[in-house]
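Colleague: Listed in order, the protein sequences are those of chains A and F. Residue 514 in my numbering is what sits at position 508 of the first sequence, and the numbering runs on without skipping anything. Residue 119 in my numbering is what sits at position 118 of the second sequence, and the numbering runs on without skipping anything.
Since the hints were made in silico from the structure, they are not lab data. By construction, the Cβ of each residue, glycine as well, lies at the ideal position given by its N, Cα and C atoms. A portion of the hints provided could be inaccurate.
Heads up, simulated SDA-like pairs for lysine to any residue below, C-alpha to C-alpha not over 20 Å straight-line [claimed, not checked]: (1) A/K354 to A/A305; (2) F/K99 to F/M167; (3) F/K100 to F/A118; (4) F/K63 to A/L256; (5) F/K99 to F/T178; (6) F/K63 to A/A249; (7) F/K130 to F/L111; (8) A/K474 to A/P504; (9) F/K63 to A/P253; (10) F/K63 to F/A205; (11) F/K63 to A/T251; (12) F/K99 to F/R186; (13) A/K354 to A/K474; (14) F/K100 to F/G174; (15) F/K63 to A/H246; (16) F/K130 to A/L256; (17) F/K100 to F/A170; (18) F/K63 to F/Y75; (19) A/K354 to A/S543; (20) F/K63 to F/W207; (21) F/K63 to A/G464; (22) F/K130 to F/P67; (23) A/K474 to A/G464; (24) F/K63 to A/G254; (25) A/K354 to A/L256; (26) F/K100 to F/R186; (27) F/K130 to F/P66; (28) F/K100 to F/L111; (29) F/K130 to A/R292; (30) F/K63 to A/K354.
Selected chain A positions facing chain F (in silico; Cβ < 10 Å) [claimed, not checked]: (31) A121; (32) V176; (33) A190; (34) L193; (35) F230; (36) S255.
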Amino acid sequence: MTVLQERPDVEPAVRAQTATAPPAVPADAWVNTSDHKRLGLLFIYAALFFLVASGLSALVIGAQQASPSLGLAVSRFDRLYGLHSQSGILLFLTAIWIGLATYVVPLQVGAGRLALPRLSAMGFWTYLIGGATLLVSYLTGQVNGLGITQSSPLAPIPGGADSATLLWIVSLGMIAVGFLFASASLLVTVAGLRTDGMTVLRVPAFSWATLVASVVTMVATPVFLGGLVLLGIDQRFGGHLLASTTPGSLGIWQRALWLYGRPDLYLLTVLALGAASDIVATHARRPLLEHRVALIMLALLGALSLGSWVSNARTTHAVVVPTYTALMAGVVIPLGITVLMWLGTAAKGRPHFHVSLLFVAGAIGLWVIGAANALGAALHHVDGIGGTSSWIAGNVHTVVVGPPTLIAVGAIYHWAPKMWGRPLRPAAGGLVALTLFGGFAATGLAYYFLGYNGVPLGQTADITSYQKGLYALAEIGGVVVVLGVLILLADLVMAAGPRRDTSGTAADDPYQGLTLEWATSSPPPPWGFDSVPEVRSAAPLYYLRHVADGMSPGSMSPGSGSPGSGNPGSPGSGSPADASAAAITARAGRP
Amino acid sequence: MTTTTVPTAPTAANPSQLALPSGQRPRPRNLLNIGVLVVVTGGVALFTTLIAAYVSIGHAAKAWPPGGVTLDVYTGNMLAITALMSAVTVEWASYAVKKGDPAQGTWGLLLTAGFGAGFLLLLWQLGSKIGFGPGSAKIGPFAVVFFAMLASSGAVTLLGIFALLMVLARVLGHQMTDTNSEMLRAVAWYWDFVVVAWLAVFSAVWLFT
Numbered sequence: 007m008t009v010l011q012e013r014p015d016v017e018p019a020v021r022a023q024t025a026t027a028p029p030a031v032p033a034d035a036w037v038n039t040s041d042h043k044r045l046g047l048l049f050i051y052a053a054l055f056f057l058v059a060s061g062l063s064a065l066v067i068g069a070q071q072a073s074p075s076l077g078l079a080v081s082r083f084d085r086l087y088g089l090h091s092q093s094g095i096l097l098f099l100t101a102i103w104i105g106l107a108t109y110v111v112p113l114q115v116g117a118g119r120l121a122l123p124r125l126s127a128m129g130f131w132t133y134l135i136g137g138a139t140l141l142v143s144y145l146t147g148q149v150n151g152l153g154i155t156q157s158s159p160l161a162p163i164p165g166g167a168d169s170a171t172l173l174w175i176v177s178l179g180m181i182a183v184g185f186l187f188a189s190a191s192l193l194v195t196v197a198g199l200r201t202d203g204m205t206v207l208r209v210p211a212f213s214w215a216t217l218v219a220s221v222v223t224m225v226a227t228p229v230f231l232g233g234l235v236l237l238g239i240d241q242r243f244g245g246h247l248l249a250s251t252t253p254g255s256l257g258i259w260q261r262a263l264w265l266y267g268r269p270d271l272y273l274l275t276v277l278a279l280g281a282a283s284d285i286v287a288t289h290a291r292r293p294l295l296e297h298r299v300a301l302i303m304l305a306l307l308g309a310l311s312l313g314s315w316v317s318n319a320r321t322t323h324a325v326v327v328p329t330y331t332a333l334m335a336g337v338v339i340p341l342g343i344t345v346l347m348w349l350g351t352a353a354k355g356r357p358h359f360h361v362s363l364l365f366v367a368g369a370i371g372l373w374v375i376g377a378a379n380a381l382g383a384a385l386h387h388v389d390g391i392g393g394t395s396s397w398i399a400g401n402v403h404t405v406v407v408g409p410p411t412l413i414a415v416g417a418i419y420h421w422a423p424k425m426w427g428r429p430l431r432p433a434a435g436g437l438v439a440l441t442l443f444g445g446f447a448a449t450g451l452a453y454y455f456l457g458y459n460g461v462p463l464g465q466t467a468d469i470t471s472y473q474k475g476l477y478a479l480a481e482i483g484g485v486v487v488v489l490g491v492l493i494l495l496a497d498l499v500m501a502a503g504p505r506r507d508t509s510g511t512a513a514d515d516p517y518q519g520l521t522l523e524w525a526t527s528s529p530p531p532p533w534g535f536d537s538v539p540e541v542r543s544a545a546p547l548y549y550l551r552h553v554a555d556g557m558s559p560g561s562m563s564p565g566s567g568s569p570g571s572g573n574p575g576s577p578g579s580g581s582p583a584d585a586s587a588a589a590i591t592a593r594a595g596r597p
Numbered sequence: 002m003t004t005t006t007v008p009t010a011p012t013a014a015n016p017s018q019l020a021l022p023s024g025q026r027p028r029p030r031n032l033l034n035i036g037v038l039v040v041v042t043g044g045v046a047l048f049t050t051l052i053a054a055y056v057s058i059g060h061a062a063k064a065w066p067p068g069g070v071t072l073d074v075y076t077g078n079m080l081a082i083t084a085l086m087s088a089v090t091v092e093w094a095s096y097a098v099k100k101g102d103p104a105q106g107t108w109g110l111l112l113t114a115g116f117g118a119g120f121l122l123l124l125w126q127l128g129s130k131i132g133f134g135p136g137s138a139k140i141g142p143f144a145v146v147f148f149a150m151l152a153s154s155g156a157v158t159l160l161g162i163f164a165l166l167m168v169l170a171r172v173l174g175h176q177m178t179d180t181n182s183e184m185l186r187a188v189a190w191y192w193d194f195v196v197v198a199w200l201a202v203f204s205a206v207w208l209f210t
């Protein structure tokens, strides 16, 4: 397996000839790869595949809830519910963020490669096989209860669990190990492979968020793995430890295994905030208002994510218990300050509209809806946190899943020129942003109001016509989300598919970017960078463009590099390399 | 995925091209050690979870260990002693290679791997006495947590033995010298974690129960 591809010693004239006709990449180059760019794309493609599985199961669930006369058996409903929630959160959302980080972070820190590339490759394949096994486990039979999406332990099975449940436990273990490997590699990359001059406080927001998320993952995921080891042994031999009748079992379940009680869910928000910070700053054409404060807020949110274990110490009325309320509400502080920082950055910068900003705006909208309903839950004394009310389904769609999904897709639109060498279509992106926002908002609000009406999670019998209407609204929201996903997939296929010519090729630095990923070609060469600019600030390219050569920020032309030129340093392009030639120092390696 | 970059020759008009290519960067020497520290952090979290579960369930139970369960003190002690001896030999191996004595390093690694194999056999013997299986009278919360700790110890030990043998092959192949022993240091740190993890389990189960 080739870990690193060396920069080839090819004459410029020869490279110019080959630039217009990229050779086909053999399939085994993807299977054997440990190149961070290919691994990142593999993670993203696999995550989108699992998103389709999650979306389709959501449609069937919603249809059954809106029309109970469909007659879906309870066991099948539970099976689909587990499949939807686990494939949606673990297999799609977590994986797509790891994919984005695997692609972008090594470029942002100027490394051009992962610190432990084989570990990342092992992480991807373990995740993929684990994900496929999870789907098979649900096809094989009924996984015991609702799995890790219920707040109370699984029921004991006399004589031992069936193959579906054991397969499900093994698959979750594989997925967790896969994420652990990928996170460890990313952590070491940011900690040990930062380029010259990139101090800890100069790390770009998304890379910093990745570092924070990886640190918490290294602490939290082994806890989940430990819980799975206990669960696997327990279920295999009849369920004696985690039976609801065993004193103390509830605490182990809720702290180690319950899906909604894991810090990992908050980490999705950490990563989303980090990516959105970079997106906003890039399109505002200026560094974040207070870069250091942004990093501190991300770290604070990561630390607060560990509070999710404490918050599940009570299963009822958790939202009105002061200690737990303070821990949960504390999340609002870093979230709110970061959003305010985005607004300030946009106000003081020279914002240029890009479709990825629509996704960020949609995520802010969902957070506002979630915050309003958190107050509503306190006023109505809703049993939301314990998982007994439909309110929690609203909160999961509006706060936990919706905003990170929107920003993940926005990040794909933002970094698409780098990933595929051509931008995605802005019109399609706008449509995707609107459908995802509308769909998540409709589904979330429907479940919130079902919660206020006292409808327990999943109850479809003995409900009023008003409540049936709310279920129908949730189903419509689900359909709209699936529609958005289909548009996204079509857009991606067109961008990533085979190309006949170089038309539509993205410039190397299409946004006058701030961070180092925009200092290499689009897409980057296998070796990452031909040369890495010296880093003297948190926005190194901005520094080089506006400060190093004494130019005022307003004197730069908005374009950067002619499309198709593929050369960040072409004369007159206004690219950072061109504007700051004197500041770019030669570097033949890390110290 | 290929690049479309078309570099131009360095000129006075375009001095940015004077920036030298980064070339193949040497691997920073401390990366493996950082990686092992990260892995060890995860391992510590795993064993903390299992021990916390053991303690938590034990506090809630009327009797702990439950009636009818006798802890095998002899095997437990032998496991702890074996683990401690292996920690000494792995440090000996690391020190010897760093001082340029691959022969002693080889012996140190062989002994550590041997202690590791012995440790696994003892774990197997201990686990087989728990009495798992349908119809077993001893099965219960204690057996589940105890077996989970044994299985986790066995898994991390097996991984450690694999890493030791990989390093041993490199020492024998003269690929690991006094100036290039980063991997051996990293493996030694990992092995130290394996030992400490077992000592934590030993303390929770035998000393403080």
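Colleague: Please go over all the hints and tell whether each is borne out by the structure.
Modeller: Going through the hints against the structure:
1. Proximity of A/K354 to A/A305 is assessed by CA-CA distance (about 25 Å); at most 20 Å being required, the pair is judged violated.
2. For the hint linking F/K99 to F/M167, the alpha-carbon distance of about 17 Å falls within 20 Å, and the restraint holds.
3. Between F/K100 and F/A118 the alpha-carbon distance is near 27 Å, which puts this suggested pair outside the 20 Å criterion.
4. For the suggested pair F/K63 and A/L256, the alpha carbons sit about 17 Å apart, so the restraint of at most 20 Å is met.
5. With a C-alpha separation of about 7 Å, the suggested pair F/K99 and F/T178 falls inside the 20 Å cut-off, and the hint holds.
6. Distance check on the hinted pair: F/K63 and A/A249 sit about 16 Å apart at the alpha-carbon level, within 20 Å; holds.
7. For the proposed pair F/K130 and F/L111, the alpha carbon gap of about 29 Å is over 20 Å, so the pair is violated.
8. Distance check on the hinted pair: A/K474 and A/P504 sit about 46 Å apart at the alpha-carbon level, beyond 20 Å; violated.
9. Of the pairs offered as hints, the one joining F/K63 and A/P253 holds, with about 10 Å between alpha carbons and a cut-off of 20 Å not exceeded.
10. Restraint check for F/K63 and F/A205: satisfied, since their Cα atoms lie roughly 18 Å apart, inside the 20 Å limit.
11. Restraint check: the Cα-Cα separation between F/K63 and A/T251 comes to about 14 Å, which is no more than 20 Å; the hinted pair holds.
12. For a cut-off of 20 Å, the pair hint linking F/K99 to F/R186 stands: about 9 Å separates their Cα positions.
13. A distance of roughly 48 Å separates the Cα atoms of A/K354 and A/K474; the hinted pair therefore is violated under the 20 Å criterion.
14. This hinted pair checks out: F/K100 and F/G174 have alpha carbons roughly 17 Å apart, not beyond 20 Å.
15. Note on F/K63 and A/H246: the hinted pairing holds, with a Cα-Cα distance of about 15 Å set against a maximum of 20 Å.
16. Between the alpha carbons of F/K130 and A/L256 the distance comes to roughly 28 Å, so the proposed pair goes past 20 Å and is violated.
17. For the given pair, F/K100 sits about 18 Å from F/A170 by alpha-carbon distance, which is consistent with the 20 Å threshold.
18. With a C-alpha separation of about 26 Å, the suggested pairing of F/K63 with F/Y75 is violated against the 20 Å cut-off.
19. A hinted pair counts as satisfied when its Cα atoms are at most 20 Å apart, and A/K354 with A/S543 qualifies at roughly 18 Å.
20. Of the pairs offered as hints, the one joining F/K63 and F/W207 holds, with about 18 Å between alpha carbons and a cut-off of 20 Å not exceeded.
21. For the hint pairing F/K63 with A/G464, the CA-to-CA distance comes to about 37 Å; that exceeds 20 Å, so the pair is violated.
22. This hinted pair checks out: F/K130 and F/P67 have alpha carbons roughly 15 Å apart, not beyond 20 Å.
23. Under the criterion of a C-alpha separation no larger than 20 Å, the hint pairing A/K474 with A/G464 is consistent with the structure, at around 12 Å.
24. Restraint check for F/K63 and A/G254: satisfied, since their Cα atoms lie roughly 12 Å apart, inside the 20 Å limit.
25. About 51 Å separates the Cα atoms of A/K354 and A/L256, which puts this hinted pair outside 20 Å; it is violated.
26. At roughly 13 Å between alpha-carbon atoms, F/K100 and F/R186 fall within 20 Å of each other, so this suggested pair holds.
27. Of the pairs offered as hints, the one joining F/K130 and F/P66 holds, with about 14 Å between alpha carbons and a cut-off of 20 Å not exceeded.
28. For a cut-off of 20 Å, the pair hint linking F/K100 to F/L111 stands: about 18 Å separates their Cα positions.
29. Under the criterion of a C-alpha separation no larger than 20 Å, the hint pairing F/K130 with A/R292 is inconsistent with the structure, at around 66 Å.
30. Between F/K63 and A/K354, the direct Cα distance comes to roughly 65 Å. Violation of the 20 Å bound is thereby established for this hinted pair.
31. Using the Cβ-Cβ criterion of 10 Å, the hint placing A/A121 at the interface with chain F is satisfied: the shortest such distance is roughly 5 Å.
32. Violation of the interface hint for A/V176 is found here, the shortest Cβ-Cβ separation to chain F being roughly 13 Å, above the 10 Å cut-off.
33. The beta carbon of A/A190 comes within 5 Å of a beta carbon in chain F, closer than 10 Å, and the hint placing it at the interface holds.
34. Using the Cβ-Cβ criterion of 10 Å, the hint placing A/L193 at the interface with chain F is satisfied: the shortest such distance is roughly 5 Å.
35. For A/F230, the interface hint holds, the least distance from its beta-carbon to any beta-carbon of chain F being 8 Å, beneath 10 Å.
36. A hinted interface residue such as A/S255 counts as satisfied when its beta carbon comes closer than 10 Å to some beta carbon of chain F; here the least separation is about 7 Å, so the hint holds.
Checked against the numbered hints given earlier, the structure breaks hints 1, 3, 7, 8, 13, 16, 18, 21, 25, 29, 30, 32 and satisfies all the rest.
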